[in-house]
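With chain U fixed as given, assemble chain E onto it according to the hints.
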Amino acid sequence: NAGVTQTPKFQVLKTGQSMTLQCAQDMNHNSMYWYRQDPGMGLRLIYYSASEGTTDKGEVPNGYNVSRLNKREFSLRLESAAPSQTSVYFCASPGQSNYGYTFGSGTRLTVV
Amino acid sequence: GNSVTQMEGPVTLSEEAFLTINCTYTATGYPSLFWYVQYPGEGLQLLLKATKADDKGSNKGFEATYRKETTSFHLEKGSVQVSDSAVYFCALSTYFGNEKLTFGTGTRLTIIP
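Chains U and E are the protein sequences, given in the same order.
Position 69, counted from 1, in the first sequence is what the numbering used here calls 69; the numbers after and before it change by one each time, with no gaps.
Position 26, counted from 1, in the second sequence is what the numbering used here calls 26; the numbers after and before it change by one each time, with no gaps.
Next comes chain U alone, as it looks inside the complex:
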């Protein structure tokens, strides 16, 4: 089925460890987005990529880096994880804004 695939689904890290969250979409969309979801705060944009080869900061980019590897893949990297990065992370890819987004199923990350 067409959509957005995220890996892993769950991860526990120790403070200071690094990891990369993977996202791939098979809808041939130009744009891809990374959001984090925290209780009482909704979804906040971390980084986005409007097209292959471009990336831009969102609302809460500190502590993260991204790579738009090709049109399909957009990865999110935590270089040195902190407890404040405990969250659920969602990758999304929109068509045109009239059609809304397709979201991945999320990565639940806990940093201890």
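Derived from the structure by calculation, the hints contain no laboratory data.
Don't take every hint at face value.
[Said to hold, decoys possible] Taking lysine-lysine and the BS3-like style, the derived pairs with C-alpha atoms no more than 25 Å apart in a straight line are:
(1) E:LYS60 to E:LYS77
(2) U:LYS57 to E:LYS100
(3) U:LYS71 to E:LYS100
(4) U:LYS71 to U:LYS57
(5) U:LYS9 to U:LYS71
[To be verified] Label-pair ranges, simulated between beta-carbon atoms:
(6) U:THR15 to E:GLU16: 43 to 51 Å
(7) E:GLY9 to U:GLU52: 37 to 45 Å
(8) U:LYS14 to E:ALA53: 50 to 58 Å
(9) U:ASN28 to E:ALA17: 37 to 45 Å
(10) U:ARG44 to E:SER79: 32 to 40 Å
(11) U:GLU79 to E:SER14: 46 to 54 Å
(12) E:SER83 to U:ASN65: 34 to 42 Å
[As the list claims (entries may be wrong)] Sample of chain E residues at the chain U side, in silico, Cβ under 10 Å:
(13) GLN6
(14) GLY43
(15) SER72
(16) LEU101
Every residue, glycine too, gets a C-beta built ideally from N, C-alpha and C.
Frame of chain U, contents of chain E only:
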């Protein structure tokens, strides 16, 4: 900048009750408005949308009308079911050259039999 203000939750209703979840927005330009739903353990799914003033979005018995004069997009359903229990997010995007979605904080809805 853009912002979305959503009714604080959680909301608990009995089955077959009438549902309203309030949403108001602030935006430059002419935004498109959305309601997303998140079932437990899943990602967000688009529930309905409206792209211009007075448009009514509808899906699965849910409705919301784009009210430019009150900058609102309230979600309603006439008779809720247990299966409607989920978190609901109001969101907007400004159409011209900017597809980024701005989300409200979400409203958790629980329906009891």
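Okay, the hints, checked on the actual structure:
1. E:LYS60 to E:LYS77: holds (9 Å)
2. U:LYS57 to E:LYS100: holds (12 Å)
3. U:LYS71 to E:LYS100: holds (18 Å)
4. U:LYS71 to U:LYS57: Distance of about 18 Å is within 25 Å: holds.
5. U:LYS9 to U:LYS71: holds (22 Å)
6. U:THR15 to E:GLU16: 43 to 51 Å: holds (49 Å)
7. E:GLY9 to U:GLU52: 37 to 45 Å: holds (39 Å)
8. U:LYS14 to E:ALA53: 50 to 58 Å: holds (51 Å)
9. U:ASN28 to E:ALA17: 37 to 45 Å: holds (42 Å)
10. U:ARG44 to E:SER79: 32 to 40 Å: The hint (32 to 40 Å, Cβ to Cβ) holds, given that U:ARG44 and E:SER79 are roughly 34 Å apart.
11. U:GLU79 to E:SER14: 46 to 54 Å: Since U:GLU79 and E:SER14 have Cβ atoms about 49 Å apart, the given range 46 to 54 Å holds.
12. E:SER83 to U:ASN65: 34 to 42 Å: Holds, since E:SER83 and U:ASN65 (Cβ atoms, about 40 Å apart) stay within the stated range.
13. GLN6: This hint holds: E:GLN6 lies near chain U, its Cβ roughly 8 Å from the closest one there, short of 10 Å.
14. GLY43: holds (4 Å)
15. SER72: Result: violated, 18 Å to nearest chain U Cβ.
16. LEU101: holds (6 Å)
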